[in-house]
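The listed protein sequences correspond, in order, to chains A and R.
Heads up: the first sequence at position 405 corresponds to 405 in the UniProt record's numbering, and the numbers run straight through without jumps.
Heads up: the second sequence at position 61 corresponds to 61 in the UniProt record's numbering, and the numbers run straight through without jumps.
Check each hint, because a few of them may be wrong.
Unchecked claim - A few chain A residues that face chain R, going by a derived Cβ cut-off under 8 Å, partial list only:
#, residue
1, N57
2, V127
3, M251
Claimed, not checked - Mimicking DSSO-like on lysine-lysine, the simulated pairs with C-alpha atoms at most 30 Å apart in a straight line are:
#, chain 1, residue 1, chain 2, residue 2
4, R, K164, R, K82
5, A, K132, R, K5
6, A, K261, R, K116
Just so you know, these hints were derived from the structure itself, not from any lab.
Every residue, glycine too, gets a C-beta built ideally from N, C-alpha and C.
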Amino acid sequence: MGESISCDININHLTRVEGHGNIRIRIKNGKVENASWDVVETPRFFEAILVGKHWENAPILCGRICGICSIGHTLASIRAVENAFAMVPSLQTQRLRLLLKHMETLQSHILHLYFLVAPDFLGTDSVLELIKPHGDEVQRAARLKLLANDGGDLIGGRRLHPTRTVVGGFTMLPDRIKLATLRQRLHAALADLNKTAELFGSFAIPDFTRETEFVSLKSDGNYPFIGGQLVSSDGVLREEEEYLTMSNEYMVSHSTSKWSKLSRPSLAVGALARINNNFASLHPHAQDIANNLGLHPVSHNPFMNNVAQLVECVHVVQDSISLIDELLGSEWQEPRQTVTPRAGAGTGAVEVPRGILYHWYQFDKDGRITRADCVIPTSQNNANIHYDIIALAQKLAAQGKDDQEIRLLAEMLVRSYDPCISCSVH
Amino acid sequence: MEKSKTYLGVEIKRPRTAFFELSSCEGCQLQILNKEASLLNFLDLLEIVNFREAMSNGSDDYEIAFVEGSVTRADEEERLLKIRKQATTLVALGSCACFGGVNQLKNRFHDLEWVKNEVYGGHPIETQEVRPLSDFVIVDLSIYGCPIKKEEVEEIVTNLVLGKSIDHPRYPVCMECTANGNICLFNLGEPCLGPVTRAGCDAWCPNNRMGCWGCRGPSDEANFSQLQEIMDSHNIPRQAMLDRLECFGGFSSAIREMEK
Ligand code: SF4
Ligand code: SF4
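Take these sequences, add in the hints, and give me the full structure.
Take a look at the structure:
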């Protein structure tokens, strides 16, 4: 401790994250000379691809921005089109969409927590190595993921790139008996989630904080997921269609992904941001888990995002049970409204697993897209990850930590954000 | 995991396998991790030595390489050539790898400068025309779909490991849809590429009352003039059909043919 250390860490294509990003840390005699988070992913130019396309194409194409959160992209896309055409979805459609969204949140968070994060805390290379020593955990992860995926199939037609979700509603409604079975399985999953909380409670979450601004949708009494006002922990409040003044994207050299800022040099979105901004509207069971795991708003420890994801898993399972009760408590209505296109523009803001996502399209009178914009959670987090890495490197250098430890903690820091890099570049 | 497996009394070896991604949504790799009930058995067929999304410390000593995504930048071209050199069997995983996928829609603008400017407003960003793997290297096996269907992948991979031949269905999705007893989507006023798209997904979209968008590319001897007739007889605008045909890249030669 206290000795002046020197190291040169270059991590190309960080593993156990989605997409391609690099970490660089250079420390000389205990002083951080350079530290950065560089996104090197290839852009696919979705905003250009959409130009000239008929409205019906938008959700199908935009779902392909990301495999992990394709449901969120599809729903944000649908919402942007519906807002542009001044359509209001029926209560039944709203409930089904939220339920579908919950299935994605659950599947994505579980995948992240068990497959990508747990190996770091258990000192292994991949989840495959956990199969023997931690067989129960792996089984539990598979069970939870399967449940979420089956729910995605049931509501959306397909867990990945859904087939039933369309502008105006759904092509088809889920089978009511299967919905009741899903409810039972969700209920049984609560025990698995409590066990997961025990497991994560046994992990030593690294002690590191850097104050930042948290951006999310704003609670209207319910924990927010689809549409509504935008809020920041520094007190900024905006309407959905004013998203540009919330995201403020800009380019930096050495990153193919855009960056964002609001009141400070960087901002954070994601599970921790949502919980920091909307703790009171979480389900009481989720609040209990948060309290037990030491997550108290406002938490500025980015590693706590892992805990926040777990807390959200509990919330979405509890909320899904209520949603199914509501759906089963009323008769099925028409699944789908007819769409009347008009000239105009619309925004769709949705909380996807990694944070707030915006889609915006402008249409001509025939309903063809003339311009499009998609602002991705990870691109909003990139600047924050970058400044966190600098601060973490400084802290660890001051403590005289060795290369190996700095390397691992830097990797874990980036992983805690669950970055979705292909998505951020799109 | 089991030490050795046998098939018809003959010992089979778990091939050293690697997964890679070029420009893609990584959805096809995610599908590999899905179907949890049989996931462990599936993984047991292979010795996975490289899967960046799921493990650290990958190795470059592999026999089978699954490559997801299309080529959109010079460095991806290089990576692909390197993978080809190492792999005995190179598998194109998903429509991006097979046909360019949704990514290739940017090619329709012909002017890359406009495309770059539209998204990055003059900021220097490198990109090139989107190409499928087969434009650069020999592809030994294609797994179609956007996303790929895990059931089909399991079957294909099992055959690969056993050294059996792999045959894709030659018939269109329409046959699977009919066999499933669905109402034809044309009768519900919905365009569908089922009549010309290669089967193998078990009519995934039509089963959910969504017309097929042709993600698996053309079936053998697809009849496009007849598709046009069906569309016309149901008053479906030509543009709706073209939008679908160009969506995943598999029909690019058919579209050129139709535009003649
Ligand atoms: S083929 Fe589709 S699902 Fe697969 S990587 Fe490409 S866009 Fe994603
Ligand atoms: S129905 Fe068509 S679009 Fe859907 S998965 Fe099958 S081939 Fe792809």
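Each hint, compared with the structure:
At about 6 Å, the closest approach between the beta carbon of N57 (chain A) and any beta carbon in chain R falls short of 8 Å, and the interface hint on this residue holds. Annotation: interface hint on V127 (chain A) holds; nearest CB of chain R at approximately 7 Å, less than 8 Å. Because the beta carbon of M251 (chain A) sits about 4 Å from the nearest beta carbon in chain R, less than 8 Å, this interface hint is met. Taking the CA atoms of K164 (chain R) and K82 (chain R), the gap is near 27 Å; set against the 30 Å cutoff, the hint holds.
A hinted pair counts as satisfied when its Cα atoms are at most 30 Å apart, and K132 (chain A) with K5 (chain R) qualifies at roughly 19 Å. As the CA atoms of K261 (chain A) and K116 (chain R) are separated by approximately 23 Å, the hinted pair is consistent with the 30 Å bound.
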